[in-house]
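Residue numbers (our numbering), protein chains in the order written: chain G, 131 to 291; chain Y, 501 to 1161.
Note that these hints are calculated values from the structure, not bench results.
You may find that some hints are simply not true.
[What the hints assert, rightly or not] Where chain G lies over chain Y, by a calculated footprint (3+ residues, C-beta under 8 Å):
id, segment
1, 938-946
2, 1024-1031
3, 1083-1092
4, 1127-1139
Where a beta carbon is used, it is the ideal one built from N, C-alpha and C, also for glycine.
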Amino acid sequence: MNTNTINRVLGLAVICSSFFFFSACGGSESPATEGEGTSETEVAEPVITDKGVGPISSVELGEIDEVMVARGKNVFENKCSACHKFSEKYVGPSLAGITERRKPEWIMNMILNPEEMIDKDPVAQELLETYLTKMTFQDVTEDQTRNILEYFRHIDNGGAE
Amino acid sequence: MKNKNQKSIYRTMTMVFGVLASLSLLIACGPKKGGGESAMVGSDAASKVYVAPGSYDEFYMFASGGFSGQISVYGLPSGRLFRVIPVFSVDAEKGWGFSEESKPMLMTSYGSIPWDDAHHPEMSMTDGVPDGRFVFINANNTPRVAKIDLTTFKTTEIIEIPNSAGNHPSPFVTENNEYIVAGTRFSVPVGANLDVPISSYKENFKGMISYIKLDKESGNMDLAFQILGPGFNFDLSHSGKNASREWSFFTCYNSEQANTLLEANASQKDKDFIMAVNWKLAEKYIAEGKGKVMNTPYYHNRWDDATHSATATLKNTQLVLDPKDCPGMIYLMPCPKSPHGVDVDPTGEYIVGAGKLATVIPVFSYSKMIKAIEKKAFDGEVEGIPIIKYEECLAGEVKKPGLGPLHTEFDDKGFAYTSMFVSSEIVKWNVATREVVDRAPTYYSIGHLMVPGGDSKKPWGKYVVALNKITKDRYLPTGPELTQSAQLYDISGDKMKLLLDFPTIGEPHYAQAIKADLIKDKQVRVYKLEDNKHPYAAKKEKDTRVERKGNEIHVYLTTIRSHFSPDNIEGVKLGDVVYWHVTNLEQDWDVPHGFAVTGAQNSELLIMPGETQTLKWIPQRVGIFPFYCTDFCSALHQEMQGYIRVSPAGSATPLTSSLGK
Chain G
131 MNTNTINRVL GLAVICSSFF FFSACGGSES PATEGEGTSE TEVAEPVITD KGVGPISSVE
191 LGEIDEVMVA RGKNVFENKC SACHKFSEKY VGPSLAGITE RRKPEWIMNM ILNPEEMIDK
251 DPVAQELLET YLTKMTFQDV TEDQTRNILE YFRHIDNGGA E
Chain Y
501 MKNKNQKSIY RTMTMVFGVL ASLSLLIACG PKKGGGESAM VGSDAASKVY VAPGSYDEFY
561 MFASGGFSGQ ISVYGLPSGR LFRVIPVFSV DAEKGWGFSE ESKPMLMTSY GSIPWDDAHH
621 PEMSMTDGVP DGRFVFINAN NTPRVAKIDL TTFKTTEIIE IPNSAGNHPS PFVTENNEYI
681 VAGTRFSVPV GANLDVPISS YKENFKGMIS YIKLDKESGN MDLAFQILGP GFNFDLSHSG
741 KNASREWSFF TCYNSEQANT LLEANASQKD KDFIMAVNWK LAEKYIAEGK GKVMNTPYYH
801 NRWDDATHSA TATLKNTQLV LDPKDCPGMI YLMPCPKSPH GVDVDPTGEY IVGAGKLATV
861 IPVFSYSKMI KAIEKKAFDG EVEGIPIIKY EECLAGEVKK PGLGPLHTEF DDKGFAYTSM
921 FVSSEIVKWN VATREVVDRA PTYYSIGHLM VPGGDSKKPW GKYVVALNKI TKDRYLPTGP
981 ELTQSAQLYD ISGDKMKLLL DFPTIGEPHY AQAIKADLIK DKQVRVYKLE DNKHPYAAKK
1041 EKDTRVERKG NEIHVYLTTI RSHFSPDNIE GVKLGDVVYW HVTNLEQDWD VPHGFAVTGA
1101 QNSELLIMPG ETQTLKWIPQ RVGIFPFYCT DFCSALHQEM QGYIRVSPAG SATPLTSSLG
1161 K
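Produce the complete structure using the sequences and hints provided.
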C-alpha cells in the first residue's frame, strides 16, 4: 500500500519530467507540458523503490532449481535473446551480474511491465536514455518470467548459457 | 429552392419528361458554391461530430471501396479514416497480393486477378443483429464473395461464384449467418453449351442465384447450392427477418430480356420483379437430392492465421436446383420500373422495392404475400415461376416520394430513409402509413445510404450517411478526378440535420456501421510466436540461417527493434531466386517491421508482430544490395539495415550469413 502511494507520487513526477525530457530532445508537440513538468519536478524528490513498479511485490528465492533454469533458458532464447546477451551490451544492456545489480522483483517487473516501468521507474528511464530502444513486453507469463529469473541466477552463479 | 422547382415540374409533367427535366435542371443550375452551404448546417453541427484527440468514435463504419476493390474503415461521427483493408485488389503498402503468402487469396478460375470492383459490405448477424464477427463484401466483376475477420481486420476467405457473371446482389446474410447470397447481374449461358449467339439470350441465358453456407463454429464459407433463375439482371437482395426469415428477396430488372441497348430496351415494361426465394425449402430440396451436379471450376481461398499463409483450392462441382423441379421455392412480385434496392424493415413484415424510374415506392407485405401464395392469386408465370398479383402482395405505396428512389434503410422508430438519386435527396417516411415526413438535400446525387444497423432488426437510429455519386465543388479541387463524398446527418430528431461532409476512397456503393463496443475490445494485438506454424518461420535468432535448394535461396530472417538477423549475406549468384522469409519477433502491439530490398520487382513486406511473410526477389545484376526496415520502429530504425552480396553465375563464393561479426 505504502509503496503504491509513493509510486503514484513518484509516477506523477516522473511522467511530467519525462514529458519534459521528450519534448526537450524530440521537439514534441506541446510546450505547455514543459512548464507544468518543471514545477512538479521541483516539488517531488524522486524516491527510488528498488523493487520497481508492477505485479511483483515479493519473490521467494531458494536453491537454484534446474528444471526452472531449463525452462527459463528456453523462453529467454525465444523471446529475449534478440536484444540481450550475457557477455556484451547488445540492443539492451548485458545481463551478466543482473541478479547482483537488481532486486529479483525489479527484474520480473521489468520483464512483465516494461511500459509502466519506463514511465515511472528512474532506473528503467536511465536505461532508456542510454540505450534509446524501449524494452517491450514480449508476451510472457508470470511463471515464465520467474523461470527467466532462475536462469539469470544460474548464469550469475557461474552456470552455462 | 431546388426542391420547390422540382416539385412543380414534377406535378406538371409526365414521369419520363420529369426525370429528363430534373436531370437538365441539375446540370443547368450546377453545384452550389462550396462556401455558401454553411446556412444548411446547424450551429451545433461541429460539436456533434467532434471526437476529441485520444477519444474514440461511437461507431465503426465499413465502406465499400468501390472500384478500388477494398474496404475502408471510418469512425462515426467524426468521419476519420482508420484503415483500408485490402480485399480484391493488390495493395503494395501491405504486401497484399505481393507476398508469397497472400498471392493465393487472389486466385480465380481465370488465373490470378489483381483487381475487382467491390460493392456491398454486409456485417455478419446473430438473431438479425450485427454481431461484429465478420464483414462480407462482393466482387462485382469476377464474381466472388470475401470475408473479413474483425478481430484482425484481415481478409481471411474469398470464394469464387461459378455459373455467374457480375455478382451484384450480394453478399447479404440471413438472420443467423446461415447463408450469404450471391446472384447474377449479367445473365449468361451456363452448363455445357456456352458458345451461343448473343441474340439467343431468351433461349440460352440464365441468372444464377447462389447460397454460401457459413459454418457456425469455424466461420468457414462453402458454396452450398445454386438456383437456376430466369435470364434477368438481378440487382440487389436482402434476407427476411422474424416471420420472413426463411426467405430472400432479389430485385430483377431487364425482365424484357434484352441483350443490347439495355438503357432503353430494359425499360419497356411498367413492372419488373422482386423475386422471393424460400431458402429453407431450397435446403429441403437439396436434402431430397433434387440438386443437379454441374462442373464449373471455381476457386476457394482461405487464409490461416497459424501458418500466416493462404491456400487456394480449385473446386469443380456445384449442386443446382431448377425452379421447375422445386414447386413453392420461388415467386415473383411485380415491382414498378427497374427496381434497384430491396430492403426489409426491422420487423420483417415490409419489403421495400425502389424502382429507380418509378414515381412511387412500393411497400410489399410479407403476410399478404404468403396469403396470396396460399390462395394462388397469380397473374401468369415466368419459366414456371408464378407471378403474384401486385395488389395481392402490396401493403401500399409511398406516393410522389421524389425522383429516382434507390435504397432504403430504417431507424428504430418506425421510419424509413430512401435515397433519391435524380432529385438528390434523402426522403424520410413512415413505414406503417407510407407518409413522407421529411426530406433533406444531398450533395450530390446520392446512391446508397446507411443507418448504423439500418438493415437489421435493431437499427441504431442516430445517423444516416449519404454515399454520394457526384462530388463537384464540395472539397478543394484535385484535377479532373475528385474524392468521393459521404455526408453525415443527425436523425435523432424529427428533422434530418446535415452535420458533416467527409471524403471516401473509391466509389462507396454501400457501407454498414456497428457500435464500436462490439468490435474494439476483441482485437488481436499480436500473433503469438509460439503459435506460428509457418514452415519457414525462424522463431528465435538462433534459428536464423540461409539455405540453398538448387537455385532457390531461402533466407530465414528475423526482425526485432532494430536489427535483422542475419544482416550480412553472401554466396548468392545471378540466376538464383531469393525467398526472404521474414519473421517479426516482436510481441508488442503496434510494432510491425517492414522489409524492402533494392531492385525487388515486388512490393515491400509489412510484417505484424509474431507473423512470418515472404518476399520473392530475383537478383538482376552483380553487386551489393542493401535491405532495410520500412516502418519506423525505434530510435535506431535508421540503423535497421543489412547487405546481400550477389556474385556472378558460377562464382565460388560460399553461401554464408552473419550478424554482428
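### Task
Three residues minimum, CB to CB under 8 Å: does the segment 1127-1139 of chain Y make the cut for coverage by chain G? Let me know.
Per the Cβ count (3), the hint holds.
### Proximity test - 8 Å, beta-carbon atoms, the segment 938-946 of chain Y to chain G, at least three hits
violated (count 0)
### Outcome, coverage of the segment 1083-1092 of chain Y by chain G - at least 3 residues whose beta-carbon is closer than 8 Å to one in that chain
Three-residue rule met by the segment 1083-1092 of chain Y, so holds; n is 5.
#### Entry: 8 Å C-beta criterion, at least three residues: is the segment 1024-1031 of chain Y covered by chain G
holds (count 4)
Violated hint: 1 only; the structure is consistent with all others.
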